[in-house]
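J.: Each chain is listed here by its residues.
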Amino acid sequence: MTAVAQINALLRRIPVGAVYMICGMLPVWYLYLGLTGGLGPEPIKALEHELGELALNFLVAGLAVTPLRRFAGLNLLRFRRAIGLLCFYFLCCHLLVWLLLDLQILSEIWTDIVKRPYITVGMAAFLLLLPLAATSNDQSVRKLGPLRWRRLHRLVYPAALLGGLHYLLLAKGFRIEPLVYLGLIGVLIALRVPSLRSRMA
Amino acid sequence: TGLAIAGRQAQAETLEPNSWDEITSYNNFYEFGTDKDDPKKHAHQMTITPWSVRIDGMVDRPGDYPIEQIMAAMTIEDRIYRLRCVERWSMVVPWSGFELADLLAMAGVQAGAQYVAFETLLRPSEMPGTRYNVIEWPYVEGLRLDEAMHPLTIMATGLYGKPLPKQNGAPLRLVVPWKYGYKSIKSVVRITLTDRQPPTAWNKYSATEYGFYSNVNPNVDHPRWSQKYEQRVGGGLFARKVETLMFNGYEAEVAELYEGMDLVKNH
Chain A
1 MTAVAQINAL LRRIPVGAVY MICGMLPVWY LYLGLTGGLG PEPIKALEHE
51 LGELALNFLV AGLAVTPLRR FAGLNLLRFR RAIGLLCFYF LCCHLLVWLL
101 LDLQILSEIW TDIVKRPYIT VGMAAFLLLL PLAATSNDQS VRKLGPLRWR
151 RLHRLVYPAA LLGGLHYLLL AKGFRIEPLV YLGLIGVLIA LRVPSLRSRM
201 A
Chain B
33 TGLAIAGRQA QAETLEPNSW DEITSYNNFY EFGTDKDDPK KHAHQMTITP
83 WSVRIDGMVD RPGDYPIEQI MAAMTIEDRI YRLRCVERWS MVVPWSGFEL
133 ADLLAMAGVQ AGAQYVAFET LLRPSEMPGT RYNVIEWPYV EGLRLDEAMH
183 PLTIMATGLY GKPLPKQNGA PLRLVVPWKY GYKSIKSVVR ITLTDRQPPT
233 AWNKYSATEY GFYSNVNPNV DHPRWSQKYE QRVGGGLFAR KVETLMFNGY
283 EAEVAELYEG MDLVKNH
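Taken in order, these protein sequences are the chains called A and B.
By full-length UniProt numbering, the letter at position 46 of the first sequence is numbered 46, and the numbering carries on one by one without gaps.
Add 32 to a position in the second sequence, counting from 1, and you land on the number used in full-length UniProt numbering.
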């Protein structure tokens, strides 16, 4: 058995429920760290950033599922819905920390959304992902039909780009990490372009 | 004097300093990395003995001044100051140090000098953060001469009565309490008196975001965030934000320096 086949066999034995359980605990773990000094002397920003990065990581992971199967034979399809829903869950936590712990002053919310490009962009990404999270269930797939469902879920591409841009725009100074994220997201989306895909395969 | 006023104000508000741990583990010192805990992790690599400060430009006695010579000549005193970062967090820091004016007097400022330029050590072998240009190295800063001579402006050499930790800018750093933190340049190796406004690190990176003056001002937003409020470090996960004060609370002492100036244009 090849290495890929071995990994696939291993992956088949992992129950999807366990992925929800374990990854779902991550924000709770960070909250615990924040309450006990594990996130440094200023835990609000630290918690906000950890949750944002978690969401971005899962967004990239979700985008990687199809190319990994096509080009490496790695089958993560069973986990794709969990990856997407967990991403949205982390994003909600990120947003809640921003609203309740970071921003605090409610009159500032709208000013921030309109006046600060990185918040405008982040909020747009969240809104694009909202209908995807709402339709990530079997019933919605049946109701919409696979074609329309798939078309709707293409919204993940602009959302991912906006997510990467959000990170780039809030950085102070010239930073490598947001560029790596944006580059990775760009490549993962480019692999979906039919002409590029056939050239790669 | 300005000091007496500062003392009175500090007393009136009873500034409660942040803990040693908070002040030494939450730092912006990009030469050691961009995360807040990077300076504490990596600054130990910086050699600070021997250390000297080159004082040059429009001075009567230019030269390399060894830190020992400077320390022997200066009067060290304690100053409890607010520190407001442009990123909207703030601390209260019990510095010890001496007035910059005294150091400049030691070198003899010549008539005609109008600005003071500062430079941080740049030693890539000991500074992992300088491997790529987050901003242009070396870190440089500048003050108008009257700002530099102001009695609130100090060169800090200690913290809580102990020698300044490396992550806080050992062996000596500038502290200008009414300006955003990045003006208070760390680990200074050069001070130049000049008649021209010197380039400053963050202003070179983005002039619209970081002006030459960089006075703390709740009425002038940073283009990417409001500066009306700040988060005191150390209050935990549920700490409330507090309103940012004009000139970081030192308005009575420094407002006259900027009389008649457009503080939006000269942000």
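Keep in mind that the hints were calculated from the coordinates and are not lab data.
Predicted model, so just to flag it, every value in this text is computed and none were measured.
Each residue gets a CB set at the ideal place from its N, CA and C atoms; glycine is no exception.
Each hint should be verified, as a subset may be incorrect.
As the list claims (entries may be wrong) - Here are the simulated DSBU-like cross-link-like pairs (lysine-lysine), alpha carbons at most 35 Å apart as the crow flies: (1) K115/A with K172/A; (2) K115/A with K260/B; (3) K236/B with K143/A; (4) K297/B with K260/B; (5) K73/B with K297/B; (6) K115/A with K297/B; (7) K297/B with K143/A.
Said to hold, decoys possible - Non-contacting residues of chain A with respect to chain B, defined by C-beta distances greater than 10 Å in every case (computed): (8) L47; (9) L101; (10) R116; (11) Y118; (12) R142; (13) G145; (14) R151; (15) R192.
J.: The structure should be examined with respect to each hint, and the outcome stated for every one.
T.: Each hint tested on the structure:
1. K115/A with K172/A: holds, 18 Å
2. K115/A with K260/B: Judged against 35 Å, a Cα distance of about 14 Å means the pair holds.
3. K236/B with K143/A: This hinted pair is violated, its Cα atoms lying about 56 Å apart.
4. K297/B with K260/B: holds, 18 Å
5. K73/B with K297/B: Violated, because 38 Å separates the two Cα atoms, which is more than 35 Å.
6. K115/A with K297/B: holds, 19 Å
7. K297/B with K143/A: At roughly 58 Å apart (the allowed maximum being 35 Å), K143/A and K297/B break the hint.
8. L47: Label violated. Min Cβ-Cβ 7 Å, cutoff 10 Å.
9. L101: violated, 6 Å
10. R116: About 6 Å separates R116/A from the closest Cβ of chain B, which leaves it inside 10 Å; violated.
11. Y118: About 6 Å separates Y118/A from the closest Cβ of chain B, which leaves it inside 10 Å; violated.
12. R142: Since the minimum Cβ distance to chain B is about 42 Å, R142/A lies beyond 10 Å and the statement holds.
13. G145: At roughly 43 Å from the nearest Cβ of chain B, G145/A sits farther out than 10 Å, so the non-interface label holds.
14. R151: With a cut-off of 10 Å, R151/A remains clear of chain B, as the shortest Cβ separation is near 35 Å.
15. R192: Per Cβ check, R192/A is outside 10 Å of chain B; nearest 31 Å; holds.
Comparing the model with each earlier hint shows violations of hints 3, 5, 7, 8, 9, 10, 11; every other hint is respected.
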